[in-house]
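We have chain A already, so just place chains B, C and D on it with the hints.
Residue numbers (the working numbering), protein chains in the order written: chain A, 174 to 514; chain B, 174 to 514; chain C, 174 to 514; chain D, 174 to 514.
Among these hints, one or two may not hold up.
Example chain D residues on the side facing chain A (calculated, C-beta under 8 Å, incomplete) [claimed, not checked]:
#, residue
1, E281
2, P305
3, T307
4, S308
5, P309
6, Y310
7, D342
8, Q362
9, S399
10, R413
11, W450
Label-pair distances were calculated between CB atoms; the ranges are [to be verified]:
#, chain 1, residue 1, chain 2, residue 2, range
12, C, E329, B, G401, 38 to 44 Å
13, C, E328, B, R306, 53 to 59 Å
14, C, A433, D, T488, 56 to 62 Å
15, B, E252, A, R497, 51 to 57 Å
16, A, K490, B, A200, 40 to 46 Å
17, B, Q184, A, R497, 19 to 25 Å
18, D, D192, A, F312, 23 to 29 Å
19, D, K372, A, R374, 30 to 36 Å
20, B, R374, C, G483, 36 to 42 Å
21, B, R306, D, K372, 57 to 63 Å
22, A, I255, B, P262, 43 to 49 Å
23, A, D181, B, L494, 35 to 41 Å
Don't read these hints as lab results, they were simulated from the structure.
Owing to the predicted nature of the structure, the values given are computational and were not obtained by experimental measurement.
The beta-carbon is built from N, C-alpha and C at its ideal position, and this holds for glycine as well.
Protein chains: 4
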Amino acid sequence: MLVVMKKDSNQQAIDRVCDLIRARGFAPHVMPGAVRIAIGVTGNQGFVEIENLESVDGVMEVIHVTSPHKLVSRDVHPEDTIVDVRGVPIGGKEIVVMAGPCAVESREQVMHIAREVKRLGARMLRGGAFKPRTSPYAFQGLKKQGLEFLAEAREETGLPIVTEVKDTDNLELVAEYADLLQIGARNMQNFTLLEEVGKLRKPVLLKRGMSATIKELLLAAEYIMSQGNYQVILCERGIRTFEDSTRNTLDLNAVPVMKALSHLPVVVDPSHGIGLWSKVTPMARASVAAGADALIIEVHHEPQKALSDGAQSLTPKSFALLMRDVRRIAAAVDRTVASGE
Amino acid sequence: MLVVMKKDSNQQAIDRVCDLIRARGFAPHVMPGAVRIAIGVTGNQGFVEIENLESVDGVMEVIHVTSPHKLVSRDVHPEDTIVDVRGVPIGGKEIVVMAGPCAVESREQVMHIAREVKRLGARMLRGGAFKPRTSPYAFQGLKKQGLEFLAEAREETGLPIVTEVKDTDNLELVAEYADLLQIGARNMQNFTLLEEVGKLRKPVLLKRGMSATIKELLLAAEYIMSQGNYQVILCERGIRTFEDSTRNTLDLNAVPVMKALSHLPVVVDPSHGIGLWSKVTPMARASVAAGADALIIEVHHEPQKALSDGAQSLTPKSFALLMRDVRRIAAAVDRTVASGE
Amino acid sequence: MLVVMKKDSNQQAIDRVCDLIRARGFAPHVMPGAVRIAIGVTGNQGFVEIENLESVDGVMEVIHVTSPHKLVSRDVHPEDTIVDVRGVPIGGKEIVVMAGPCAVESREQVMHIAREVKRLGARMLRGGAFKPRTSPYAFQGLKKQGLEFLAEAREETGLPIVTEVKDTDNLELVAEYADLLQIGARNMQNFTLLEEVGKLRKPVLLKRGMSATIKELLLAAEYIMSQGNYQVILCERGIRTFEDSTRNTLDLNAVPVMKALSHLPVVVDPSHGIGLWSKVTPMARASVAAGADALIIEVHHEPQKALSDGAQSLTPKSFALLMRDVRRIAAAVDRTVASGE
Amino acid sequence: MLVVMKKDSNQQAIDRVCDLIRARGFAPHVMPGAVRIAIGVTGNQGFVEIENLESVDGVMEVIHVTSPHKLVSRDVHPEDTIVDVRGVPIGGKEIVVMAGPCAVESREQVMHIAREVKRLGARMLRGGAFKPRTSPYAFQGLKKQGLEFLAEAREETGLPIVTEVKDTDNLELVAEYADLLQIGARNMQNFTLLEEVGKLRKPVLLKRGMSATIKELLLAAEYIMSQGNYQVILCERGIRTFEDSTRNTLDLNAVPVMKALSHLPVVVDPSHGIGLWSKVTPMARASVAAGADALIIEVHHEPQKALSDGAQSLTPKSFALLMRDVRRIAAAVDRTVASGE
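Only chain A is shown next, with the shape it has when bound in the complex (with noise of 0.2 Å):
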């Protein structure tokens, strides 16, 4: 259930409204939107009804809402969601292109990697300290130590940080480290992760799981959202298919898809959606074009030395050929990418 609010109305009678649906046993969200406030009802199972609710002041409108996702609908909130990190905003005119290395490695690979990504324009840092790996005898990060490494990068540099969490275990560490906490694609469905993750107030990019369908990524914000935090940025990073040439499928289909149906900002990963460095660039223009607000690449000084994904990894060269031409790309969509120095 949904309330929308006249456009006038005050905190009080906002207040007054969140008590009667407290009474009743459920949660009150309260949603600002440009134009008005809406409250989103949660923790019913079908149906609710809370009677003379569209009698109490303040109130314009009562909409029951039968979608699963209610939170992360379009329906509740029809304006774009921007997500602000660390004083970058993703969701807005600018394309924020985070970058860095899969995984951090050495204080000095990510010390560089930072330097050079900055220069050519990225906004954001990306990094992996804690490593979720199909074998348990592969690399699994460097952990404490690699969260500091990337924490020295952004005093540096001043690029906020994104970096996975792959455990309530490590909830409170990686948390007290990253500007956006990544939640990755074998991990989409751990609800307990999602829902710990909620009840921070902190920005989380959700990736998409691989074999995860729209509604499922949909439903996952939705349980992020549904414990209070509302920052959370939809990532589409390919999918699991019988195409065995490339790494994934990039499914751009979801950006137009994600951007009807939800009020989010998407990004999109084409170094993991192809997987094949020399293709990045072309997908990165693709996913711009397609709508979405964000990138996010994989770059490495030394990608044949990379412990993990050197495959997909960009060298610094490469990079700036796609800032360039994805600067040409958001240009001709009305937007823009930040210069670089």
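Just chains B, C and D now, with coordinates in the frame of chain A:
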């Protein structure tokens, strides 16, 4: 096997090499390039050896190709192939937009739509006269009469025609009218049809099967080329995956992958690729940004009355916006699109 | 639409109803059942009304069918259909095993294998004379000569022949030799071929396309039946998924689903379904346990020398073990398998 | 790396080898077999060399394993592993049927169903107390209270309990009650949970992720085993494909493939695998015919009132027929099933 001729080799030398190849029971394919001529050898099973071929006059190099696709391969023919469809070059700097109804439904319908798409910048007219349909009880097309209506529209507008041939029985008839013969997704591995089309000297638009890998699409093109018809255009039109909020999953990864593996032009069909008219334009933009040489778009002036695929057809008004957007993206990748009237 | 006739309705009554249907431009299909006769009506687009049909002599009930598949549907024909292939009934209590080489390679090869599989209990001989191959450079079959070798093997062993027809051009020729015409997976939606096969009065084995849904397979069968050929056998042979340790994913779910939706017999091809000879026998057992009416198995006396599909072919020795196992499972589901010599 | 010990090697020799392995920073895994003991070495990245190991007393052979899965592999442990779950052996001659409701809904419900399935021959009781659900607004289980009801049912019936653990936070609690810890499909690559479960000494039922390859499932089992918990049971429960007439596509190919690659027992879940209660029995038959060691079946006495998965739950009456059928198939593959009362 591939025989690369010296730059200055004359026709006599070429003929001699071809004769030697034929003498061993194989088929020579003379493939002129910008700089030099290569002669592909097919008909062998596995490794071939023709003694002393390297010492024949005019021969620069003999390359043993291990890849199952030969004629289709960029190794064999490094320059982009440009297919000329009745004066419209596909595969060059200009991006060609083909547009029209899914099915030809009446003389008035096709004439009206042809005029509209021509006015808005389309360079070719699409329209189905023989329609393969999943149910035997669905509309199967106007058949010969449909072809005649298309020809009439061509006469008035000057737009070359692309239309589907769905079996060998009607191939002669369809080939009489079509400027570009379309092989549909369901026929991508109808090898008899591929071979028959390969015996013609007419451009072919080969659509990817809905569960075909990129390699299988290239091998299907190889079937056509192995018969001597080198004017093949590859078409990405979406693959079948578990995602059910779109009709298909448009695999734009396939664009840079196919452009790297093959010298053939690549066209994208975003109408079938997403199946939702309101999202065709962003996917058309993404296709061009990914490197497509052409687009094929379903347009209908009354989509709600269309006998097939109404849900994915653009009105002329929406098509105008698509053309505007596609022109801007084309410019951003240093290409052009016809300006319309 | 479906017209159900009274139990005691005579030929005259049936003819009268058919005439009325034809008079409206539709096609009647007389379908005899164990208890009563039903007449299917096809050729309509959407809802049909033939006035006063219910008051015609002999008519018990007129049922408006909304499902896209009609003739194929168990609603229309509740009893199991038994297809008679030159004296071998498929769809009854006895489970029929068809066996033989993937491709006919020589007279000796096919004679040898035919004798072996006959001896071990196979009731039909399989073997391809026209082979659809992904690459134009792979072995394409012995064609007419292959058919002649098959006929010779039939003459000696008495085993009816199942062999593939891959295009309409060779349909007449193949139909002359084959007792059961196989439509391969790649041709499941070659609608022209389906219609031509539908005009014959010869049993058809219709293989599921590698990315076809069960509903699409049933609609493909409907194409054949809508032309008047009701002797169709459905074949599950594996679908294409992301799993890459097997050639295909054998979808045994399809067996009970198809048996519930349709009255047609179901055969399973575990050889293609898993693609690994050492695992064909457990999958053959599972097929029978799931409710399959027949099996089609690739057998080759020298798999390592086979021109195609050697990796999935059983030797006669392994086939003997398969037959023993299948007999035991058949007994456990109250069915039988021929005992061999 | 794998160290195979001589037949007569004593504990001292084994300890010495383990010490040498630990001295190099690797982890030894002592794996007793029927004839001899092998010691797996993990913790290395790539090739390992421990000098002179082959000359140590008691060592028969040192095998360098290149496969990414080691402990899970049949190469390393040729005999079938039998996992003992509170006295019920899984992986031996007897096929074990686990049955019960999808979710524990009340004391009465679970007691009633437990008595019924016990009476009909089930050897273990299944039931979810912590339910991972796609929507945050769906029923999430009775949690601790659900575990208590399960324990009470075990006390009365003697049936060991299998129940899901969905996060590390509740692992200790769930492990206190469960006899067999289930890792659900969505958690198959929740590596933190796998490692924590690996530190316990309790049997684990590991479900295949809905888009996981067989190799990935084996690597997930390897995660558990690499921590020292060797009591892992692999579970095929259907994969996600394009087919939409069933909930999942049950991949029975996986049964013989996994039995060949690994020594671990394999259980099949036909309830989730097809998702249609009326077709669970044929798929249960097929599972046993394909070689499954156990089945896990959803049973509910009032499926239409079930809070989750009602559509795929059998009534006790249908379950009785399933048991009868499964017993017959088991006998046909020389195995047994408990007879019930």
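* Asked: With a cut-off of 8 Å, does the beta carbon of D/Q362 approach a beta carbon of chain A closely enough for the hint to hold?
  -> holds (4 Å)
* Asked: Quick one: are A/D181 and B/L494 within 35 to 41 Å, going by C-beta?
  -> Hint holds: Cβ distance 37 Å, inside 35 to 41 Å.
* Go through the hint on D/S308 and say holds or violated, using the shortest Cβ distance to chain A against 8 Å. => holds (5 Å)
* **Restraint outcome when D/P309 is required to lie within 8 Å of chain A by C-beta distance** => Holds - the Cβ of D/P309 comes within 8 Å of chain A, reaching about 4 Å at its closest.
* Asked: Hint check: is the beta carbon of D/W450 less than 8 Å from a beta carbon of chain A?
  -> violated (23 Å)
* With chain A as the partner, please determine if D/Y310 meets the hint condition of a C-beta pair closer than 8 Å. => Hint holds; D/Y310 Cβ to chain A Cβ min 6 Å, cut 8 Å.
* Under the criterion of a CB-CB separation shorter than 8 Å, is D/D342 in contact with chain A as hinted? -> holds (6 Å)
* Have a go at the D/P305 hint: is there a Cβ in chain A nearer than 8 Å to its own Cβ? => This interface hint holds because 5 Å falls under the 8 Å limit.
* Whether the CB-CB distance between D/D192 and A/F312 falls inside 23 to 29 Å -> 26 Å Cβ-Cβ, so the 23 to 29 Å window holds.
* **Outcome for the supplied range 56 to 62 Å, where the beta carbon pair is C/A433 and D/T488** => Between C/A433 and D/T488, where Cβ atoms are some 18 Å apart, the hint is violated.
* To do: Indicate whether the distance between the beta carbons of B/Q184 and A/R497 respects the range 19 to 25 Å.
  => violated (45 Å)
* Satisfaction of the hinted span 30 to 36 Å by the C-beta atoms belonging to D/K372 and A/R374 -> holds (33 Å)
When the structure is compared with the earlier hints, violations turn up for hints 1, 11, 13, 14, 15, 17 and for no others.
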